[in-house]
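Protein chains in written order, with numbering that gives the first Met the number 0: chain A, 0 to 236; chain B, 0 to 515.
Do not take every clue at face value.
Claimed, not checked - The list that follows gives simulated cross-link-like pairs (lysine to any residue, SDA-like), each with its CA atoms no further than 20 Å apart:
#1 A:LYS108 x B:ILE285
#2 A:LYS70 x B:ILE475
#3 A:LYS53 x B:ARG289
#4 A:LYS70 x B:LEU389
#5 A:LYS70 x B:LEU394
#6 A:LYS53 x B:TYR387
#7 A:LYS70 x B:ILE285
#8 A:LYS77 x A:ILE51
#9 A:LYS70 x B:PRO286
#10 A:LYS53 x B:LEU389
#11 B:LYS183 x B:LEU173
#12 A:LYS53 x A:LYS77
#13 A:LYS77 x B:ASP379
#14 A:LYS70 x B:VAL287
#15 A:LYS108 x B:VAL367
#16 A:LYS70 x B:LEU393
#17 A:LYS70 x B:ASP377
#18 A:LYS70 x B:ARG289
#19 A:LYS70 x B:ARG291
#20 A:LYS53 x A:GLY20
#21 A:LYS77 x A:ALA90
#22 A:LYS70 x B:ASP379
#23 B:LYS453 x B:THR489
#24 A:LYS19 x A:GLN73
#25 A:LYS70 x B:VAL367
#26 A:LYS77 x B:TYR387
#27 A:LYS108 x A:LYS126
#28 A:LYS53 x B:ASP379
#29 A:LYS112 x B:ARG366
#30 A:LYS19 x A:GLY38
#31 A:LYS177 x A:ARG155
#32 A:LYS108 x B:ARG366
#33 A:LYS70 x B:GLN390
In short, the hints are calculated from the structure, not lab data.
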Amino acid sequence: MAMLEVENIHSYYGNIHALKGISLTVEEGEIVTLIGGNGAGKTTTLRSITGILKPRQGHVRLEGEELAPYKPHQIVYKGVAMVPEGRRIFARLSVSENLDMGAYSRNSKSEIKADLERVFELFPRLKERRNQVGGTLSGGEQQMLATGRALMAHPRLLLMDEPSMGLAPVLVESIFEKITEINKEGTTILLVEQNALMALSIANRGYVLQTGEIILHDTAEALRTNEVVRKAYLGIT
Amino acid sequence: MNVRLASREGLLTGFINLCCILLGLTGLAGTMVGGWFHLSSRQPGAWLLLLGIAVWGGVRAVRRVPDPSRNKTLIAGLVAGVMHGLTLAVSLWLISTLLDAGAEVRKWLVQLTPEAIRLLTFGLSPVAAAALMFVVMTTAGLVGALWVRASERYPWQRTLSKGPTTVRTRFLALPAVQNFMQRKHSQQILWGGGLLILLFFPFVLGQYWNYTLGTVGIYVILGLGLNIVVGFAGLLDLGYVAFFAIGAYIVAILTAPAPHGIMMNFWLVVPIGIVLAALAGVLLGIPVLRMRGDYLAIVTLGFGEIIRILSKSDALTDFTGGPRGIRSVGGPGLFGFDVSSEFYFMYIIILGIVLAAYVTLHLQQSRVGRAWMAMREDEDVAQAVGIYTLQYKLLAFATGAALAGFSGVIFASRNKFTGPEDFTLLVSINVLCLVIIGGMGSIPGVVAGALVLKGLPEILRQLADYRMLAFGALLILMMIVRPEGLWPSTRRQMELHERAEQSGEPDAGSSPETGP
Ligand SMILES: Nc1ncnc2c1ncn2[C@@H]1O[C@H](COP(=O)(O)OP(=O)(O)OP(=O)(O)O)[C@@H](O)[C@H]1O
Ligand SMILES: [Mg+2]
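This is chain B alone, in the form it adopts within the complex (with noise of 0.2 Å):
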């Protein structure tokens, strides 16, 4: 019975695994772990997917033993190995001695190189190479039976799922900690330390980490805006890069030699941008926020669509520059230096983001912030216990379109030109990913959210073709083990939890940090 169901894994995982080897994914895995660690060979990475997978299946075998005792446990997992190494060992047996004879495989199975081959035969014989796979799946199929004999023992998987988390909890549950925090001044001398580290970073990192992670810095800018108006308020926006558009393109008509000629100083245009881009969600918000839900989701999407149409339309072409944008965006200066290199942004985007992190903590603590998470809740409740509910909205908007508008300015000037092709639809929705892959309503969420989002694609440029693909499936992957975001708010953990552990004591959730 259980022999059965545990072969059936095995059998299972090793079709998978075959289907990456045919697929070429796991000659990928060698390039890419081969990139990483700067090696000459792609074996490596090859048999660490190989291996992963084999060990998965024998993990999934002995999850299907109703009574792990120890023998049982063992036994599931060498009988998942053992299918799983037969499927390797037969197919590798098949292609190798196929290819001895002159087949064609490669017809069909473009992904089947002869360097694909070898990476799993070694250059051995068919049979050898059979066998040795054979062994080697068999083993790992049993080292999946003990790892999961030994995270019983030690919960350490549950941690590493809920990682973040539970270092967080410890780290402060030291006792050093404890004193620390008691102290009196300890917030500001945290903040303050954070901010001085922060600062030396431009100068560790180089030209290109100092672009790539500014642009990483603007998404969090943008993200912490947009959080507010998701996150806290629960109103669904989809066409949030209009507020970065008319941020860029506010910086660019002010600063730019061409079309206009104003020039005006950078800093100055700043708060005009913030300004402007503010008003710009009142007057947007005015209208369309007595809309709910999904109708909201769509003219707010319609509106991102329309403001980018408009500065890219032949009618406005003298004031936006149209469809070819604005060149030579002005660039911030200070006592007469220029100081719009990729480094000194980077202390601007610094700058900004501890601005809007403190904003936005600022209104999520205060009467505004309860009136937001009663408005998420269930608007007419919130009018019923005397909360204006269209002035917070409004509120609410204005603030994000505020924070998008900020990062539109520094966007435009960093890059020096603005088009109406950097305000497409996808970046709304990046947006909108990294807030809720970083955990709705969190501000630390929205930074790891942006990092993953903006750094990872980063990490996997190796990849090449494969790059959207494999950040597509992590991303997938990422929501399904922490579906609620990787540093979620205390507030939001507890809601996706209590579903699960409804049925437990009743003080569930009730831990001292809870509160707002």
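In isolation and in its complexed conformation, chain A is listed as follows (with noise of 0.2 Å):
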């Protein structure tokens, strides 16, 4: 059974048809990148899945279960945690009360601390910075800290939109590595990115999105080579 199965969902604002019929799916262990340009869908996909947004039609599944009667905190109860666009990070709050926000969902303590431990191992600025206020970090810190604070939630299923978004190619290369090591402590991914190049080269599939519909999918490797890909978003010709 796929940890997360999205089956054919249409999502509106308003009168706006945003999404038009997505499929996708996510096998456990996996890394599944969802590509594509501005306004495609992405992050409404991502808002789909989380239950802020309700589709309108078809189905999201996590494990099997149908998650259309939950609210969007369920939920985060489900195993489903996300990194959200822009990361936003609990501005006036410092790294370990951000850090702390994210297991809200939890009621054990000592889990909720091996998982602060582990954290602050794959994110060792972190911890140097833990007093710090959330605002004043960098941007490559408050990304980090973004995904540490979805980690202490223990999702199964990690979304994540854009994680690259504004910060230097260098960081941006030890984001994707922590991605890579994050996943293989073994939390799925779906990761959204518009950084073609990168998200393919650590995932194992990817889906390419354009206004709303799914235009192409296949292995991350194939997809590498794919004309169309090539062409549109790797700006490779």
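Using the hints, put the two standalone chains together into the complex.
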């Protein structure tokens, strides 16, 4: 059974038909990437999965269970966490408090502590800065924090919305390394990116989204050599 | 170069001083200070203001000096003082000469009465008065310069502006205090001691102060409630008065002989008022809390007005007494004794504050408080970490409403009356102001804010017509000097200062008391 199964969803913002029948699956242990240009509907797809936006048609299933009846906060309890677009850390809370908020859905103090250790191991920088106010972190540190916060929910499925946005190439590389590492430790990842080349280099499979529709779907390797992708998203002719 | 800047400061502040004289503010200061200290003369107050502005001019001039070596500071102060003195001396000479010549200066400048002039001249001749003014103002400029130097050596000025906070930290650092705090039941002892002192208060205060401070106390409870809604949960509610009104009308309807004659026992009505107000909070909350920010503010504002207008509408006159309100609202009794005087109400109010503060503190430190904090910061992300925001918003709304209802019950019962004009928009605004002035999200801040907002107008009573003007000016001044509020929560203080000190070391704001 797939970790995540999105079947033919249609989502709207008022009258705007933002998703026109999207289907995708993410198997357990995979990194799947969703690439596409501005306004293609990538963020909307993630919002439809987390329940902030309810699709008018179609199904979203987590390990076979229909998510439609659940409210956004309940879906977190089901094991889905998100690193939102633009990071959106709690700017006025300290790093530790941010991480603490990430574990809001959990009860076991010892498990939370273990996960905190894990996050600090993954991002030692966060440990150094744990008393600093979130808003004063650099862009790269904020991305680490947003990722760490999502990990504190101990998700089985991690949704990431453009983690490379606005970061210097060196930082992008290190963030993507961390994503691979998180995945190796057993978290399934759905990665939304505009930086198609980087995303395809760490993903197992990829979907290409254009104006609310999936136009291509293949293994990451195949997509990297695909003509359309190369032209449209990799800037290679 | 510096001389020019310094003389400009001197001229500017001299002009301000002159304006104060011409507008009668100097005389007003005399009246006020005279009233406070029961002096027969207005001179001390008037000169206090005059000198204060001159000293300020000296301070400003010195601040302009880029390299404050000893001599340069003094020169700057001197220059400012001279210019300030010249401005005033010349004007004073001119005015008194004109007056002596019989000119009708008062046609344009109503405040320039002979008495007002005598305040400044001590009855001397124009030239002598001008000379005196010059000498005194020059000295004042120098004093300003010395003041800056002194305050640089001993940073007490900073202590003053960070006042309460610094005093508290210093106090907590005392060895004796530290020892005490480490004892087992220190918290309980402190609370108990504080409560005991509070219980003695009503004995010491006269009827007038029991009434005035009782009003302050009612606003403290209101403030604690709104603090939950605005300070903790970040929901801007401008119709908070509605729940206050609901509490007041419930006690009125259930205990007054007319229009219904139910005449229930006051103590039974208290829980009814609290529960119904909380219920109203939830009922209003369900449709309204899906809105955000400014929309929420406007809708709640509308709700507040609707409740007031309903209470005085013709349709409901039989039920609420209409525009004339309800009289003879019942007061509390205890074992057959009537305990509804201001004196006894003070106890009820103190008890109410203690309970409200306890509930607030408890909520703040629990999981609920954490959820509110996340929501206030970013509602979407709060949802994304698993917080059911609607539920916590409703909880904030209901708790706030319950406290407002409670204070409404006390308010109407203490006044033995309730009517629609007690519940205007101004009440909501006042409560919001006191929460902000005290320091959003801070429990002691609410107490400080209520004391200032409701207590200060009492102290300023002698100012009569100028009372609200002075009050407004003081509020503005307070927000400039202490934007984080009088007694901010450690968190909020950190938030505001972090912006100023962003470039500081990475561990800024990591004081041990920071945690929630
Ligand atoms: N709140 C909203 N109200 C109305 N329309 C919206 C809203 N959010 C997104 N849209 C529209 O839906 C479409 C898809 O937007 P979406 O944010 O999903 O794009 P995206 O692929 O994430 O783009 P980007 O890479 O720029 O983040 C766009 O046409 C956008 O204008
Ligand atoms: Mg997007």
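Tested hints:
1. As the CA atoms of LYS108 (chain A) and ILE285 (chain B) are separated by approximately 33 Å, the hinted pair breaks the 20 Å bound.
2. The hinted pair formed by LYS70 (chain A) and ILE475 (chain B) fails the criterion: a straight-line CA distance of about 45 Å is larger than 20 Å.
3. For a cut-off of 20 Å, the pair hint linking LYS53 (chain A) to ARG289 (chain B) stands: about 16 Å separates their Cα positions.
4. Distance hint between LYS70 (chain A) and LEU389 (chain B) is fulfilled; the C-alpha atoms sit about 11 Å from each other, no more than 20 Å.
5. At most 20 Å may separate the alpha-carbon atoms for a hinted pair to count; LYS70 (chain A) and LEU394 (chain B) meet this at roughly 18 Å.
6. A C-alpha spacing of about 16 Å is found between LYS53 (chain A) and TYR387 (chain B), which places the hinted pair at or below 20 Å, so the restraint holds.
7. For the hint pairing LYS70 (chain A) with ILE285 (chain B), the CA-to-CA distance comes to about 16 Å; that is within 20 Å, so the pair holds.
8. With a CA separation close to 15 Å, the supplied pair LYS77 (chain A) and ILE51 (chain A) stays within the 20 Å bound.
9. Straight-line distance between C-alpha atoms of LYS70 (chain A) and PRO286 (chain B) comes to about 18 Å, which keeps the hinted pair within the 20 Å bound.
10. Between LYS53 (chain A) and LEU389 (chain B) the CA atoms are separated by roughly 17 Å; this keeps the pair inside 20 Å, and the hint holds.
11. Only pairs whose Cα atoms come within 20 Å are accepted, and LYS183 (chain B) paired with LEU173 (chain B) is accepted, the gap being roughly 18 Å.
12. At roughly 17 Å between alpha-carbon atoms, LYS53 (chain A) and LYS77 (chain A) fall within 20 Å of each other, so this suggested pair holds.
13. Distance hint between LYS77 (chain A) and ASP379 (chain B) is fulfilled; the C-alpha atoms sit about 18 Å from each other, no more than 20 Å.
14. Taken as a hint, the LYS70 (chain A) and VAL287 (chain B) pair is honoured in the structure, with Cα atoms around 19 Å apart against an allowance of 20 Å.
15. About 17 Å separates the Cα atoms of LYS108 (chain A) and VAL367 (chain B), which keeps this hinted pair within 20 Å; it holds.
16. Distance check on the hinted pair: LYS70 (chain A) and LEU393 (chain B) sit about 16 Å apart at the alpha-carbon level, within 20 Å; holds.
17. Proximity of LYS70 (chain A) to ASP377 (chain B) is assessed by CA-CA distance (about 18 Å); at most 20 Å being required, the pair is judged to hold.
18. Of the pairs offered as hints, the one joining LYS70 (chain A) and ARG289 (chain B) holds, with about 14 Å between alpha carbons and a cut-off of 20 Å not exceeded.
19. Distance restraint check for LYS70 (chain A) and ARG291 (chain B): the Cα-Cα separation of roughly 19 Å lies within the 20 Å cut-off, and the hinted pair is therefore satisfied.
20. Restraint check for LYS53 (chain A) and GLY20 (chain A): satisfied, since their Cα atoms lie roughly 14 Å apart, inside the 20 Å limit.
21. For the given pair, LYS77 (chain A) sits about 27 Å from ALA90 (chain A) by alpha-carbon distance, which is inconsistent with the 20 Å threshold.
22. Restraint check for LYS70 (chain A) and ASP379 (chain B): satisfied, since their Cα atoms lie roughly 13 Å apart, inside the 20 Å limit.
23. At most 20 Å may separate the alpha-carbon atoms for a hinted pair to count; LYS453 (chain B) and THR489 (chain B) exceed this at roughly 25 Å.
24. Among the hinted pairs, LYS19 (chain A) with GLN73 (chain A) is inconsistent with the structure: their alpha-carbon atoms are about 26 Å apart, more than 20 Å.
25. Taking the CA atoms of LYS70 (chain A) and VAL367 (chain B), the gap is about 19 Å. The hint holds against a cut of 20 Å.
26. Restraint check: the Cα-Cα separation between LYS77 (chain A) and TYR387 (chain B) comes to about 14 Å, which is no more than 20 Å; the hinted pair holds.
27. With a C-alpha separation of about 19 Å, the suggested pairing of LYS108 (chain A) with LYS126 (chain A) holds against the 20 Å cut-off.
28. Distance hint between LYS53 (chain A) and ASP379 (chain B) is fulfilled; the C-alpha atoms sit about 15 Å from each other, no more than 20 Å.
29. Distance hint between LYS112 (chain A) and ARG366 (chain B) is fulfilled; the C-alpha atoms sit about 17 Å from each other, no more than 20 Å.
30. A C-alpha spacing of about 13 Å is found between LYS19 (chain A) and GLY38 (chain A), which places the hinted pair at or below 20 Å, so the restraint holds.
31. A threshold of 20 Å between alpha carbons decides the hint, and for LYS177 (chain A) with ARG155 (chain A) the separation of about 16 Å falls inside it, so the pair holds.
32. Using a Cα cut-off of 20 Å, the hinted pair LYS108 (chain A) and ARG366 (chain B) holds, with the two alpha carbons roughly 13 Å apart.
33. About 12 Å separates the Cα atoms of LYS70 (chain A) and GLN390 (chain B), which keeps this hinted pair within 20 Å; it holds.
Consistency note: the structure conflicts with the earlier hints numbered 1, 2, 21, 23, 24.
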